[in-house]
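Undergrad: Model the full assembly from the supplied sequences, consistent with the hints where possible.
There are 2 protein chains.
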Amino acid sequence: MDGKPMLMIPGPTPVPEQVLLAMAKHPIGHRSGDFSKVIAEITENLKWLHQTQNDVLCLTVSGTGAMEAGIINFLSPGDRVLVGDNGKFGERWGLISKAFGLNVDLIKTEWGKPLDPEEFRAKLEADKDKQIKAVIITHSETSTGVLNDLETINKYVKAHGEALIIVDAVTSMGALNIPIDEWGLDVVGSGSQKGYMIPPGLGFVSVSKKAWKAYETATLPKFYLDLGKYKKATDKDSSPFTPPVNLMYGLQVALQMMKAEGLENIFARHQRNTAATRAAMKALNLPLFAPDTHASTAITAVIPTTVDAEKIRSTIKKKFDIALAGGQDHLKGKIFRIGHLGFVSERDILAAIGALETTLQELGYEGATPGAGVAAAAAVLAQS
Amino acid sequence: MDGKPMLMIPGPTPVPEQVLLAMAKHPIGHRSGDFSKVIAEITENLKWLHQTQNDVLCLTVSGTGAMEAGIINFLSPGDRVLVGDNGKFGERWGLISKAFGLNVDLIKTEWGKPLDPEEFRAKLEADKDKQIKAVIITHSETSTGVLNDLETINKYVKAHGEALIIVDAVTSMGALNIPIDEWGLDVVGSGSQKGYMIPPGLGFVSVSKKAWKAYETATLPKFYLDLGKYKKATDKDSSPFTPPVNLMYGLQVALQMMKAEGLENIFARHQRNTAATRAAMKALNLPLFAPDTHASTAITAVIPTTVDAEKIRSTIKKKFDIALAGGQDHLKGKIFRIGHLGFVSERDILAAIGALETTLQELGYEGATPGAGVAAAAAVLAQS
Chain E
3 MDGKPMLMIP GPTPVPEQVL LAMAKHPIGH RSGDFSKVIA EITENLKWLH
53 QTQNDVLCLT VSGTGAMEAG IINFLSPGDR VLVGDNGKFG ERWGLISKAF
103 GLNVDLIKTE WGKPLDPEEF RAKLEADKDK QIKAVIITHS ETSTGVLNDL
153 ETINKYVKAH GEALIIVDAV TSMGALNIPI DEWGLDVVGS GSQKGYMIPP
203 GLGFVSVSKK AWKAYETATL PKFYLDLGKY KKATDKDSSP FTPPVNLMYG
253 LQVALQMMKA EGLENIFARH QRNTAATRAA MKALNLPLFA PDTHASTAIT
303 AVIPTTVDAE KIRSTIKKKF DIALAGGQDH LKGKIFRIGH LGFVSERDIL
353 AAIGALETTL QELGYEGATP GAGVAAAAAV LAQS
Chain W
3 MDGKPMLMIP GPTPVPEQVL LAMAKHPIGH RSGDFSKVIA EITENLKWLH
53 QTQNDVLCLT VSGTGAMEAG IINFLSPGDR VLVGDNGKFG ERWGLISKAF
103 GLNVDLIKTE WGKPLDPEEF RAKLEADKDK QIKAVIITHS ETSTGVLNDL
153 ETINKYVKAH GEALIIVDAV TSMGALNIPI DEWGLDVVGS GSQKGYMIPP
203 GLGFVSVSKK AWKAYETATL PKFYLDLGKY KKATDKDSSP FTPPVNLMYG
253 LQVALQMMKA EGLENIFARH QRNTAATRAA MKALNLPLFA PDTHASTAIT
303 AVIPTTVDAE KIRSTIKKKF DIALAGGQDH LKGKIFRIGH LGFVSERDIL
353 AAIGALETTL QELGYEGATP GAGVAAAAAV LAQS
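Keeping their order, the protein sequence lines are chains E and W. Each position in the first sequence, counted from 1, maps to that position plus 2 in our numbering. Each position in the second sequence, counted from 1, maps to that position plus 2 in our numbering.
Calculated directly from the structure, the hints in this document are not laboratory data.
Any copy, or any two copies together, can satisfy a pair, since identical chains are not distinguished.
Result set (DSSO-like, lysine-lysine): computed pairs, CA atoms no more than 30 Å apart in a straight line:
| id | residue 1 | residue 2 |
| --- | --- | --- |
| 1 | K261 | K27 |
| 2 | K100 | K233 |
| 3 | K238 | K321 |
| 4 | K231 | K115 |
| 5 | K334 | K115 |
| 6 | K39 | K336 |
| 7 | K334 | K39 |
| 8 | K100 | K234 |
| 9 | K27 | K49 |
| 10 | K313 | K234 |
| 11 | K6 | K27 |
| 12 | K27 | K39 |
| 13 | K334 | K238 |
| 14 | K39 | K321 |
| 15 | K49 | K261 |
All values reported here derive from a predicted model rather than from experimental measurement.
TA: Dropping the structure here:
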């Protein structure tokens with residue numbers, strides 16, 4: 003049947019009906035007192051979600067725009083930065099850094115493997131005259147489903163003392179615990195169409211006091227992405243440029259829903275759905291692309307060996323109207339990725355695995371006992 | 003009564019119900035074939051609206067972001083640019099140009115007065131060794147309601163031969179005739195919450211072949227706002243970064259509505275509403291801030307002398323739930339601005355003028371015969 007599509011990609015993610023309806027309200031003036039109240043509520047709840055007293059700023063951009071703002075506001079041309087690159091997005095932050103004339107030291111790891119914190123430690127410890135101004139890390143690498151060990155890498159950054167830690171939390175914010183204040187994360191970027199449960203169009207950047215100090219002397223050119231302007235306006239419950247009023251309405255409702263569910267419950271749900279998905283893939287003898295020790299709770303990448311990844315995607319789309327993501331760049335056609343980020347229930351996971359099993363049968367896959375995937379997922383979900 | 007607000011500000015502007023409902027549809031994957039079709043349709047209709055065969059690119063930004071992209075993609079540090087500055091937005095494009103290290107030559111005029119094309123002519127003619135790389139002009143200056151004489155200034159730019167013309171059409175696109183190909187406008191920026199009849203969150207930039215040639219050698223740093231990436235993706239009915247899917251749904255419907263109304267009719271409606279509004283203000287003896295010869299069809303600014311502008315705004319808001327705009331910067335408290343841009347009907351104009359008359363009576367204004375404003379507007383509307 004048509005008209006009942008299901009998004010299991012890493013963004014846009016499913017959007018609750020309450021959010022969609024909030025977005026359909028007629029906009030009001032963004033300089034009105036009524037809208038100031040909306041901004042004030044959103045700002046407070048964003049800080050709650052980010053577990054921080056730092057500023058959390060709201061920009062009309064995609065996740066890439068948020069990350070670019072997070073990089074260019076705190077650095078000057080020629081500044082040395084370490085950039086972790088083990089996937090499409092780590093690679094992108096390296097490209098942005100180069101485009102803005104930073105002295106980029108890429109710490110590369112094969113796609114599908116986690117960044118090695120020891121490589122960061124070695125570089126940071128060797129930097130006796132404190133030339134490294136920032137370490138840029140992708141937390142959950144969406145292209146591979148790998149979760150990098152942010153906590154450990156950040157410890158080495160803290161030991162260095164000078165460098166800022168700049169984090170791409172685009173697909174991890176709202177999907178797993180990122181205690182910004184406890185860990186002392188300086189700059190954390192994220193995007194709306196992910197754990198936030200709203201459509202794309204808003205980016206978020208949290209900024210620490212230490213980062214604001216770096217901002218004062220940073221000379222990379224900026225205007226639309228100048229976070230100082232956003233801070234100044236946000237402090238007055240306003241915005242420097244016209245904000246996307248209707249997306250903000252949606253965000254307001256989504257954050258209320260997240261508060262009602264509670265951070266612990268949200269994180270536990272993502273863990274549960276991830277564990278169920280991974281257990282199912284193992285029971286179906288479909289190899290997982292990221293190791294268990296570094297599994298993103300946003301997305302699970304699968305690298306099937308005896309059945310074509312693109313055939314799986316096209317068949318499950320046609321038969322069940324489920325959108326799965328494919329591989330990017332050299333992984334195109336080799337992997338498929340199951341998004342379980344944001345407004346995804348345990349029931350959705352069972353439906354997707356059931357549909358995947360049916361798809362595999364239709365494609366003549368004989369690598370597993372029929373029903374094994376759903377059974378494995380059910381075992382995880384029954385226990386938790 | 004509550005719950006029936008009316009927007010008469012220069013953005014956000016009123017949004018049709020069909021657009022609001024389209025935005026409440028569940029998003030689909032932005033890399034899907036179905037969404038490619040949406041992008042293809044939007045791209046074609048944007049070219050129709052812009053009266054051009056040039057590329058028209060769609061960015062997730064506010065109008066300021068679109069203009070920043072329109073400036074930084076075609077220039078290099080130290081390039082000399084002429085920037086027309088006769089209001090808040092002209093001033094802003096000067097600030098952006100300075101922030102990016104351009105050699106800025108401001109051509110300033112008092113707020114409320116139009117830019118003098120002769121000043122541009124003189125500077126351009128004197129530039130024998132063609133050092134002026136761009137002329138940046140605000141077409142409809144939202145802060146004052148002044149319409150600058152783009153056609154004449156552009157003729158001088160064309161006579162110069164080297165300089166690009168970069169146009170802020172944020173509140174003029176869709177409100178009056180801007181024949182991009184006929185006039186040879188190189189770069190034209192605009193924003194969604196204006197003539198487009200959709201909420202804020204999308205910016206548009208049209209780019210000529212000549213501008214693309216300048217792009218090839220331009221060295222200002224860019225990534226998120228790199229228009230080359232947008233062109234490459236748009237040529238494949240795609241987007242370089244995740245687009246705001248739901249706003250694009252809204253845009254799709256709004257452009258269909260605009261095509262159904264027709265460009266000539268849209269422009270005539272804006273002219274009619276502007277003429278009716280201005281006639282009413284004159285009949286009410288409320289001085290207009292912009293001269294008749296240079297009146298924006300997006301917004302009418304009024305500078306009342308014997309009654310307080312902010313009192314008018316707060317009273318009409320409270321009594322009739324009509325949002326009028328105030329003055330910006332040094333005009334704060336001195337003027338009020340009536341937006342008549344986008345999805346504004348003749349009936350809306352009569353309602354707003356009737357409400358303004360009632361407000362003036364309530365505030366004890368005795369400068370005009372009661373009913374004179376509506377009568378003057380009616381006379382204009384009856385004729386056309």
